[in-house]
Structures are given as C-alpha cells and as structure tokens.
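Protein sequences, first through last, are from chains A and B. The first sequence maps to residues 2 to 479 in our numbering. The second sequence maps to residues 24 to 223 in our numbering.
Hint data in this document are derived by calculation from the structure and do not stem from the laboratory. Accuracy of the hints is not assured; some may be wrong.
Here are the in silico distance ranges between beta carbons for each label pair [stated by the list, open to error]: (1) A/A155 with B/Q173: 33 to 41 Å; (2) B/V47 with A/R452: 50 to 58 Å; (3) A/L37 with B/R26: 38 to 46 Å.
Ideal placement from N, C-alpha and C gives every residue a C-beta, glycine not left out.
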Amino acid sequence: MSEAAIADALEARRRLDGPGRKPALLCYVTAVAWLLVGTVFGDYASLLFQYPDLGTSWPALTFGRIRPAHLNAMIYGWSSLAMIGTSLWLVPRLVHTPLRWPSLAMLGGVVWNVGLVLGLWLLLAGRSDGLEWLELDRFFSDPFLVIGGGLVGASILRTLLAGRPKHLYVAVWYIAASFVWFPIIFVTGNLTSFRGVEHAAVNWFYAHNALGFWLTSISLGAIYYFIPKILGRPIHSYQLSLLGFWALAFFYALNGMHHLVGGPLPSWMITTSIVASVMMVIPVAAVAVNHHMTMVGRFTALRYSPTLRFVVLGAMAYTAVSLQGIFTALTEINRITHFTHWTIAHSHVGVYAFVTMVMFGSMYYVVPRLAGREWPSARLIAWHFWLVLIGIAVYVVALTIGGVVQGLALLDPKQPFQASVDVTKPWLLVRSLSAVVLTVGHLIFAWHLFRVLRAGAEPVVFLPWYRARPIRVDEERA
Amino acid sequence: MSRMWLLLLGATATMTFALVVLVVVPNAMLESIPAPPELRAYSQAEAEGRALYVSLGCIYCHTQQVRDPNFTTDADRGWGRPSVPSDYVYDFPHQLGTMRTGPDLINVGARLPDRQWHLLHLYQPRIVAPWSLMPSFPFLFGWKPAGEAQGEIVRLPPGSGREGQVLIASPEAQHLVDYLLSLNRTYPPSLPEAGQEAAP
Numbered sequence: 002m003s004e005a006a007i008a009d010a011l012e013a014r015r016r017l018d019g020p021g022r023k024p025a026l027l028c029y030v031t032a033v034a035w036l037l038v039g040t041v042f043g044d045y046a047s048l049l050f051q052y053p054d055l056g057t058s059w060p061a062l063t064f065g066r067i068r069p070a071h072l073n074a075m076i077y078g079w080s081s082l083a084m085i086g087t088s089l090w091l092v093p094r095l096v097h098t099p100l101r102w103p104s105l106a107m108l109g110g111v112v113w114n115v116g117l118v119l120g121l122w123l124l125l126a127g128r129s130d131g132l133e134w135l136e137l138d139r140f141f142s143d144p145f146l147v148i149g150g151g152l153v154g155a156s157i158l159r160t161l162l163a164g165r166p167k168h169l170y171v172a173v174w175y176i177a178a179s180f181v182w183f184p185i186i187f188v189t190g191n192l193t194s195f196r197g198v199e200h201a202a203v204n205w206f207y208a209h210n211a212l213g214f215w216l217t218s219i220s221l222g223a224i225y226y227f228i229p230k231i232l233g234r235p236i237h238s239y240q241l242s243l244l245g246f247w248a249l250a251f252f253y254a255l256n257g258m259h260h261l262v263g264g265p266l267p268s269w270m271i272t273t274s275i276v277a278s279v280m281m282v283i284p285v286a287a288v289a290v291n292h293h294m295t296m297v298g299r300f301t302a303l304r305y306s307p308t309l310r311f312v313v314l315g316a317m318a319y320t321a322v323s324l325q326g327i328f329t330a331l332t333e334i335n336r337i338t339h340f341t342h343w344t345i346a347h348s349h350v351g352v353y354a355f356v357t358m359v360m361f362g363s364m365y366y367v368v369p370r371l372a373g374r375e376w377p378s379a380r381l382i383a384w385h386f387w388l389v390l391i392g393i394a395v396y397v398v399a400l401t402i403g404g405v406v407q408g409l410a411l412l413d414p415k416q417p418f419q420a421s422v423d424v425t426k427p428w429l430l431v432r433s434l435s436a437v438v439l440t441v442g443h444l445i446f447a448w449h450l451f452r453v454l455r456a457g458a459e460p461v462v463f464l465p466w467y468r469a470r471p472i473r474v475d476e477e478r479a
Numbered sequence: 024m025s026r027m028w029l030l031l032l033g034a035t036a037t038m039t040f041a042l043v044v045l046v047v048v049p050n051a052m053l054e055s056i057p058a059p060p061e062l063r064a065y066s067q068a069e070a071e072g073r074a075l076y077v078s079l080g081c082i083y084c085h086t087q088q089v090r091d092p093n094f095t096t097d098a099d100r101g102w103g104r105p106s107v108p109s110d111y112v113y114d115f116p117h118q119l120g121t122m123r124t125g126p127d128l129i130n131v132g133a134r135l136p137d138r139q140w141h142l143l144h145l146y147q148p149r150i151v152a153p154w155s156l157m158p159s160f161p162f163l164f165g166w167k168p169a170g171e172a173q174g175e176i177v178r179l180p181p182g183s184g185r186e187g188q189v190l191i192a193s194p195e196a197q198h199l200v201d202y203l204l205s206l207n208r209t210y211p212p213s214l215p216e217a218g219q220e221a222a223p
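Please build the complete structure, drawing on both the sequences and the hints.
Structure follows, in structure tokens:
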C-alpha cells in the first residue's frame, strides 16, 4: 500500500467518525460519571450489612433506597450510556457512512441524563414505582429516558438505513435490533394496567429482557466487532452467528418468569420460561464457539491489546453467566439459590464481568479515536485491569458461597431464620472488601479518562497494523 | 436497504411473540379473577402504609409469596399456605420480591399480630433481634417529654429509653404497622387455584 493510499484510508475513517464524535464523547464521559456515582451507592449499600445503623437518621440513606439507586445508576447511567456511546461510534464504522442527525443524538444524550438525575433524586426522596429495575418515576423520569433514547435511536436507525454496506455484519444485527427491542420492553414494563401477579409477570418480562435485549445484545455486538477487528481475522462462522442471533431473539424473550419459580403465577408461564431458559444453551454455545474459534491460536495478542483483554474476558463471562443462568432456572438448583445472595452474584457476573468489561474494552479502543489522543499510561490500564478483575472475582465467589449457605439454611426448617442471616455475614464482609478494590479500579479508570480528554496529551498517530510497534500493556509506553 | 428492514421486522416479531405469550395472554386470563371473600381491600391507612413500604424499599429484603411446598420448605417455617393469584388482586405495584435477607411477610399480620412488637422493631430491629441486618427507621418516631406526649407511645424495654421522655410513633409509622398487620392470607385459597398443579 502506498503512503498516499494509507493517508486516504485514515482520512476516510476520520470522516466517518467526525459527526458522531461529540455525542459519543458526551455519553462516554457521563457514563463514567455514573459509574463513580453508582460505585458510591454500591459501596454504601454493602457497608450497611456490616453497620446496619449507619446513617439511618436520613431516610434517603436507608438500604431500600440506596440499593435501587445503585442498580439504576449502573444500568441506566453507566452501562446504557457506555453502550449508546459505543453504538454511536460503531454504527457509522459498520455501515460505512457518517452518523446522521448527530445533533439529535447529542440532545438525546442530554435528555437521558436529565431524566436519570431526576429519577434518582426522586428515588432517594422516596418516590419509587416499586418494581425492581423499574423504580424510576414513570411520570417525571421515564419519559425523559423514552424521549432521550428515542432521539439517539432515531439517529442510529437513520444511519443504519442510510448505509449501503455490501454485507450486513453480525455486530450490526445486534445493535440495530437492540434499538427496536428496548423501547418496546421499557414502555410495556411501565404500563399501569396490571395488578398483582400479572404485574409481577410484566415486571420480570421487562427486567430479564432489559438484560437480554439491551445490555447483552449491544455488548455481544461490540464483542463481534472488536475481536475480529483487533486480530485482523474474520469471525469463525457466519452460520453460527446467524443461529446465535435468532435463537437469542426467540428464546431469551421467554425467559423472564424463571425469576418467579415456585411463585403464585400460573405454572405454565413458569414452565415456559424454564424450558426457554434451557434452550438458551443453543445461542450461548453458538456465540461461545464462534468467539473462541476466532480467538484460538491468537491468545498472545491479549498481551498487546488492552481492548482485547477486557473484551475477551467479557466474552468468557458471557458464556459463564449464561450457563449459570440456565442451571439456576432448574428447579433443583433454584430451590436452594432463589431469594439468596447467589442471585446478586449472578447479576454481577452478567452486568459486571460481561457487560462492564466489554464496555471498558470498547472505551479503550474508541476514546483515542474520538479524542485524537492516545491513553497516556499503559501502567494505569494494567492497574485498572487487574484491580477490577480481582475485585469482581472475589465479589462473585464470596457472594455465590454466601448465597448457597444462606439457601441451605433457609431450606432446613429445623434451623431458625437467624441461621440464614448469620451464615452470610462473613461473605458479606468479603464482598465489602472486594468493593473497595473495585472502587480503586474505577477511580484509576476515571482519572485516566480525564487525562486523555484533557488538552495537552500526546496526539495519537494511527499507523496501519503492519507498521505499528506492538504495545505491550505490561510495560510503560516510552 | 431491504435486509435491514427484514432484520428490524424479525426482531420486532420475536419480541411481539414473547409479549403475547407472557403478557397479553396471562393478562386476559388473570384480569377477571374474583377477589376472595375473606380478602378485603386496603383501608386508607393501610394503603398509605403500603406506599411507605414501597418507598422505603422493603422489597429488597422481604418477599411476599409462599412457594410451592413440593420443592420448598416455606410452609414448614410457618409462613402459610402456598400463595395463589387471587391473593394479590388489590396489589399495585406488586411486591412479590426476589430476596430473603429477611423473612417472608405475606402472612406477617397473622404470624406477629402484636402492634407494639412491630413499632419497636421498626424503631430499632436489634432491640428484638440482635442478629438482624434490617435498617432501623428512627425518622418514623419522635421523642416527647413524658407529660405532654400525644399519640401512640412505643413501650421500650428498660435501658433503651431516654430519661423523662417517651417515644411516639409518627402517623407514618402507624400506617406502616397497619399495613403489616393487614398482611394475612391464611384463609383457604379460592377454588379455581386450589387444584393448581405443581410447577415442575
């Protein structure tokens, strides 16, 4: 390739990234702000298990308000905004056309954030819709999310329809479909025409699908992009990605009622969800084999690319959390683990070890291309990686064990209820310690992001891969 | 761009299918279930107490459902008979819950009918259960000089009170206890669900 051709290729990419730069950066920066806010809420909620009388003079600081504040800050703040930011950058690259209606996307990001600030404020002040994952106020917060998300979605869908790629790559399927799925489930979940057990069914229809058709689908789209992109190698099998996508679309949507196993719903609903949960083995295996076969023989590349490290770890966690979810839906496991800390551990494998890791990886790749500057310190990236990896591993192991011993104590009616509380206490203490490690990791990441975006950092020069000196993440860049 | 439209339509179709199976059909089946004669609608005070239960996020540690005895021991703990859909006809938002850091509450009014116990427990759970992890809710109570106290007095055990003062339950605390005491689904389950087959 001649110098001129390379310069042209780089210029073409700059033109693709240009219009989406501001909205994507807005989403990324606010996402990391929410990550820090959500971390503080999470730390505080965890600490309340060691010091239940901490701050109880203030209603806003009671566990029952801090815990949903943590969840909502992490889901609608950190994860959603990080995924929207990634989508705003990725979609133009995937369909080879610049982002359309970027000012709508920008406005959408602002509106989404305003709605979230209002919703969390109201939640801490005592106004909750009272449904898990749907606590944000349906009058003063949710409409902002619907409009904000709609504006971003309009910009992304317009770009998708304007693009003329020769081939519609699998990452596009996941991202495009997510922006259709999410509004359907979010609006359904917030309807007020349900009572009693129907309301519970709608609640878990939403909450489970928010994982499957928003967090999971966009994160899988990102994995499908970054692994082949960084390795410079096509995805293992087109047929497998087709199977994985449509099997997920069909089976995942029917999973929600496994959150109510043994509960007062008509049993055919719960049976349907258990069967659909077991069938999830098809898309999970298809995606796992596809990702792994693309990686195989290239694992040494993990040393050179921070993005690949985080994304591959996230892909592995996706397989793990899905298999764990299938087992948890089985009655024999569920009778022990339902209603225990096992579920909290499971959700953190999903939202943290999978989604959050993939988003960290995405940001390591995308931010330099948006900012025009390279991450200043390989050492900080390494610190971030190891702290969050060790933190989440300890978190999950501790709470999983805590959940099992809690569940076994609950299942033995000869033991008083007190026993089921006492056995969890050491594991809850370990969880709080792991939270400290995660918090340090998040602070390092936020500080590093601040340094990239601050003017004066080293401008980035993107060389074609065969000319770039490999950068090892375990050495400080000269 | 027909492939893109095909993708978007297909995605909408799978979601619509799930929506029909898990939301529309159950809604049609369940919306007409009659309230059991023994279950009355919440009074004004109980409804306010329930709103406070929601607002304080009690659901994050307490369920309101007794599960199938074929594979759980919920009933053996004295928490009541398995819950049925008609037990919840007055509940909005539902509070079935997913976590048992604390015990199930669907029959707490029958299991613990002592009003004073509940007031004391809300004021400081560790007075009645030293091992408890439940938050205390001191902001639902107020100290008043013993002579001019009006309202519902909380009887504290010796050593946990204040000299010359009494602890008064706020109207909010009273409503919350009204709600907790109303939680009682010990009547026989309505007939249509009585023979409900067990979940697998």
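Which hints from the list above does the structure break, by number from lowest to highest? Going through the list in order, the structure violates hint 1 alone and respects the others.
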